[in-house]
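S.K.: As they're listed, the protein sequences go chains A and B. Taking full-length UniProt numbering, the leading residue of the first sequence gets 1, the next gets one more, and so forth. Taking full-length UniProt numbering, the leading residue of the second sequence gets 1, the next gets one more, and so forth.
Put simply, identical chains are the same to the list, so a pair is met inside one copy or across any two.
Pairs of lysine-lysine, DSSO-like flavour, derived with a Cα cap of 30 angstroms:
no.: 1; residue 1: Lys-174; residue 2: Lys-142
no.: 2; residue 1: Lys-316; residue 2: Lys-361
no.: 3; residue 1: Lys-380; residue 2: Lys-442
no.: 4; residue 1: Lys-322; residue 2: Lys-361
Honestly, the hints are just simulated from the structure, not real lab data.
2 protein chains.
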Amino acid sequence: MLDPVLARIDADMPHAIQRLLALLRIPSISTDRVHAPDCEVAAEWLVQDLRDMGFSADKHPTTGRSMVVGQGGQGDRHLLFYGHYDVQPVDPLNLWHCPPFVPQIEETPHGQVIRGRGASDDKGQLMTFVEACRAWIAVHGKLPARVTMFFEGEEESGSPSLIPFMEANRDLLKADLALICDTDLFDRDTPAITTMLRGLLGEEIVITGPRMDLHSGMYGGAATNPIRVLVRILSRLHDDSGRVTVPGFYDGVEELTPELRAQWEALGFDEAQFLADVGLSLSAGEKGRGVLESVWARPTCEFNGITGGYGGDGFKTVLPSKASAKVSFRLVGRQDPLAIREAFREMVRAMVPADCQVEFKSHGASFASVMDTSDPAFEKARTALSDEWPRPAAFTGSGGSIPVAGHFKTILDMDAMLIGFAMDDDLIHSPNEKYDVRSYHKGIRSWARILAALA
Amino acid sequence: MLDPVLARIDADMPHAIQRLLALLRIPSISTDRVHAPDCEVAAEWLVQDLRDMGFSADKHPTTGRSMVVGQGGQGDRHLLFYGHYDVQPVDPLNLWHCPPFVPQIEETPHGQVIRGRGASDDKGQLMTFVEACRAWIAVHGKLPARVTMFFEGEEESGSPSLIPFMEANRDLLKADLALICDTDLFDRDTPAITTMLRGLLGEEIVITGPRMDLHSGMYGGAATNPIRVLVRILSRLHDDSGRVTVPGFYDGVEELTPELRAQWEALGFDEAQFLADVGLSLSAGEKGRGVLESVWARPTCEFNGITGGYGGDGFKTVLPSKASAKVSFRLVGRQDPLAIREAFREMVRAMVPADCQVEFKSHGASFASVMDTSDPAFEKARTALSDEWPRPAAFTGSGGSIPVAGHFKTILDMDAMLIGFAMDDDLIHSPNEKYDVRSYHKGIRSWARILAALA
Numbered sequence: 001m002l003d004p005v006l007a008r009i010d011a012d013m014p015h016a017i018q019r020l021l022a023l024l025r026i027p028s029i030s031t032d033r034v035h036a037p038d039c040e041v042a043a044e045w046l047v048q049d050l051r052d053m054g055f056s057a058d059k060h061p062t063t064g065r066s067m068v069v070g071q072g073g074q075g076d077r078h079l080l081f082y083g084h085y086d087v088q089p090v091d092p093l094n095l096w097h098c099p100p101f102v103p104q105i106e107e108t109p110h111g112q113v114i115r116g117r118g119a120s121d122d123k124g125q126l127m128t129f130v131e132a133c134r135a136w137i138a139v140h141g142k143l144p145a146r147v148t149m150f151f152e153g154e155e156e157s158g159s160p161s162l163i164p165f166m167e168a169n170r171d172l173l174k175a176d177l178a179l180i181c182d183t184d185l186f187d188r189d190t191p192a193i194t195t196m197l198r199g200l201l202g203e204e205i206v207i208t209g210p211r212m213d214l215h216s217g218m219y220g221g222a223a224t225n226p227i228r229v230l231v232r233i234l235s236r237l238h239d240d241s242g243r244v245t246v247p248g249f250y251d252g253v254e255e256l257t258p259e260l261r262a263q264w265e266a267l268g269f270d271e272a273q274f275l276a277d278v279g280l281s282l283s284a285g286e287k288g289r290g291v292l293e294s295v296w297a298r299p300t301c302e303f304n305g306i307t308g309g310y311g312g313d314g315f316k317t318v319l320p321s322k323a324s325a326k327v328s329f330r331l332v333g334r335q336d337p338l339a340i341r342e343a344f345r346e347m348v349r350a351m352v353p354a355d356c357q358v359e360f361k362s363h364g365a366s367f368a369s370v371m372d373t374s375d376p377a378f379e380k381a382r383t384a385l386s387d388e389w390p391r392p393a394a395f396t397g398s399g400g401s402i403p404v405a406g407h408f409k410t411i412l413d414m415d416a417m418l419i420g421f422a423m424d425d426d427l428i429h430s431p432n433e434k435y436d437v438r439s440y441h442k443g444i445r446s447w448a449r450i451l452a453a454l455a
Numbered sequence: 001m002l003d004p005v006l007a008r009i010d011a012d013m014p015h016a017i018q019r020l021l022a023l024l025r026i027p028s029i030s031t032d033r034v035h036a037p038d039c040e041v042a043a044e045w046l047v048q049d050l051r052d053m054g055f056s057a058d059k060h061p062t063t064g065r066s067m068v069v070g071q072g073g074q075g076d077r078h079l080l081f082y083g084h085y086d087v088q089p090v091d092p093l094n095l096w097h098c099p100p101f102v103p104q105i106e107e108t109p110h111g112q113v114i115r116g117r118g119a120s121d122d123k124g125q126l127m128t129f130v131e132a133c134r135a136w137i138a139v140h141g142k143l144p145a146r147v148t149m150f151f152e153g154e155e156e157s158g159s160p161s162l163i164p165f166m167e168a169n170r171d172l173l174k175a176d177l178a179l180i181c182d183t184d185l186f187d188r189d190t191p192a193i194t195t196m197l198r199g200l201l202g203e204e205i206v207i208t209g210p211r212m213d214l215h216s217g218m219y220g221g222a223a224t225n226p227i228r229v230l231v232r233i234l235s236r237l238h239d240d241s242g243r244v245t246v247p248g249f250y251d252g253v254e255e256l257t258p259e260l261r262a263q264w265e266a267l268g269f270d271e272a273q274f275l276a277d278v279g280l281s282l283s284a285g286e287k288g289r290g291v292l293e294s295v296w297a298r299p300t301c302e303f304n305g306i307t308g309g310y311g312g313d314g315f316k317t318v319l320p321s322k323a324s325a326k327v328s329f330r331l332v333g334r335q336d337p338l339a340i341r342e343a344f345r346e347m348v349r350a351m352v353p354a355d356c357q358v359e360f361k362s363h364g365a366s367f368a369s370v371m372d373t374s375d376p377a378f379e380k381a382r383t384a385l386s387d388e389w390p391r392p393a394a395f396t397g398s399g400g401s402i403p404v405a406g407h408f409k410t411i412l413d414m415d416a417m418l419i420g421f422a423m424d425d426d427l428i429h430s431p432n433e434k435y436d437v438r439s440y441h442k443g444i445r446s447w448a449r450i451l452a453a454l455a
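One chain only, chain A, in its complex shape:
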């Protein structure tokens, strides 16, 4: 059954590329209201493409950008595929080698690439699955399983409509398993199924000392300096071994299983190169933990921004009224973001002098996602991927957070499998975004294999 599908994919690549280029020409930037009509054009393009393949498909309006949902295929096995058709803004435009919405095929030392905004994130990735389905239908007249396509148009602007839409359309979206194509290969030759995603707790602290900015000569030494209060607090959030000191922070954090640890060690990850690529040579993680473990499987506390007093050129002898910091915690395992938020705030309050004020702002709180890899679907997909790529597929973690995976679990009680074919040099969110033609081609073939394996 599979071989003729793979052959069809190979033969149809020129057309598959033309279809992707057509989708890339639509400037569907979701954060910019000016491009709201373009987002609708992209949604309609997808609806039409699904209908051409024999899906029943519709655009579903929301208070923001529309959702696209299509239904195709039949059978006991029901898979949902998620992708997003919106893209990041393109600033700074002058750094692009080609107009971001005039996509092109370019020859590079590493092979052909498709250059343009959204080529990798996420239109190219989304189309790998669509093209795999198209090939199955073209060869066999039908899909090997029942498939729901679910495309969002607000992923790059925080997915404000996603939860309400899921809650209002449980019957439409419920399937056995969700497939998400928005992640990377482990490396050029090693495919990956991301089974661990870190959660995220975002907090902002604002310390107020004096009622107004003061002259540091007239008041320095007597008036409390909120920057001094703030740096003292922040400096106490890690101990000397790099562990986070918030009480109860490590509740729910588990050690890696020996199997997963062995699998990660077999990946041959080059810590020194990973750090050297960003100009560093020493890991800042907890003592005794490797870089991969620190980023994929350990929780962190990071300072994303700090502001207080005079930040311009030169010098100003101000003793400021306020200082603030943005602090984020990446969470793993069963760490409870709300409990950690409370413990963090209590710890901070205890370090603020009695005559200063502290204000907290919340910037989101989400649990980590840990997939249940005992579901046989994971091993089946891993084997399918291993058949396609030079090296065996790995179960990996991701230091980032992909909230939709958690929503599938909590709202639709559906596990998610994250498989993607992006490279870490795809320049997503940056000028000159690209997607390797190899990623696109082998990505389509990978999904064709996975459909066969999961059916």
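Using the hints provided, position chain B relative to the given structure of chain A.
M.R.: Frame of chain A; chain B shown alone:
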């Protein structure tokens, strides 16, 4: 000799006010090149006024704003008076109740005030001395001592021409003692001679970690966060008792003499009110030191600005490449700013991880000024002031830095006596600057008395 001069001052007040209003109408903002011609007009106004009084006076060009130097009077005793005719910018203009260069006399619950930019800082203060000389000459035909007037037009923009001009004009400027009128009364009824000024060392630290901004999900836990490095450094610059931990920092810091301590205690300074005025209730100074001592006679380390990562609204999960802080040290006694700079930088370097970079920028380094109050002129001036005001004059400190006092000492080997009549609610550098008519009137009378006392 003195009484008719004081009577003349009282009688001439309406004209003295009109002369000050005329000077205030000239928008001599030194930091703004647009107002460079206005600064020259102010300098010419002063030259003409001095000539009208019988002084020989001239405008001396510099690479920036002109200096005004006038010579008058005769005798063995030679006094130099320093003031500045330039003023601060007036932004934000919409917060002014009257146009800043259309000065007005206003009735307030605390008496009449002269409202306008420069009314207090420093045109009003400068004119107190000029008017005292005018009255002496009007009554007696001459001054009781030899007087050099020295007016600068760049004080509000860092006095770039001051040192070169002093060095090139030693003979023109050298006198027995410098008088400076740019400071406050201790309180409404208590005049002050400022005998201690803190020095200032300004340093900027820039920490670079990763070569570029990173995604805190992808790198958080492995890549060094420069904000974390910076807050750790800053948090270690004070110990738990509030002392600065830079090695050798307290070398050259002396305890107050019992006499000065007793005098300050007699001032009845209200610590609680001083802090309450700015919304605070606890002193942030060294344990066991009062507020007045902390601000006037103890060295400090203050954080004037801190910047790193994302500072806008909302949240961005960035792990920044750089973080920086502006740090200033106020110095007392014989603390050596250059030695402290080196010790500070060495201490910081030792706390920076091996794969991060630290860059230092220097923002000035000046010694503290401590006047030699054993010079009998100080007691004579104190008695003269005590005769004019309801309460006896005090020798006070100032937490701020007035570099010109140090330059008189180092370049011209001349002590300086700082006597001023400003109130702490004069709103200098702010919208709606004012000078009490009482400050102006009693200030003129004070200088008339001091001239008699020092002659």
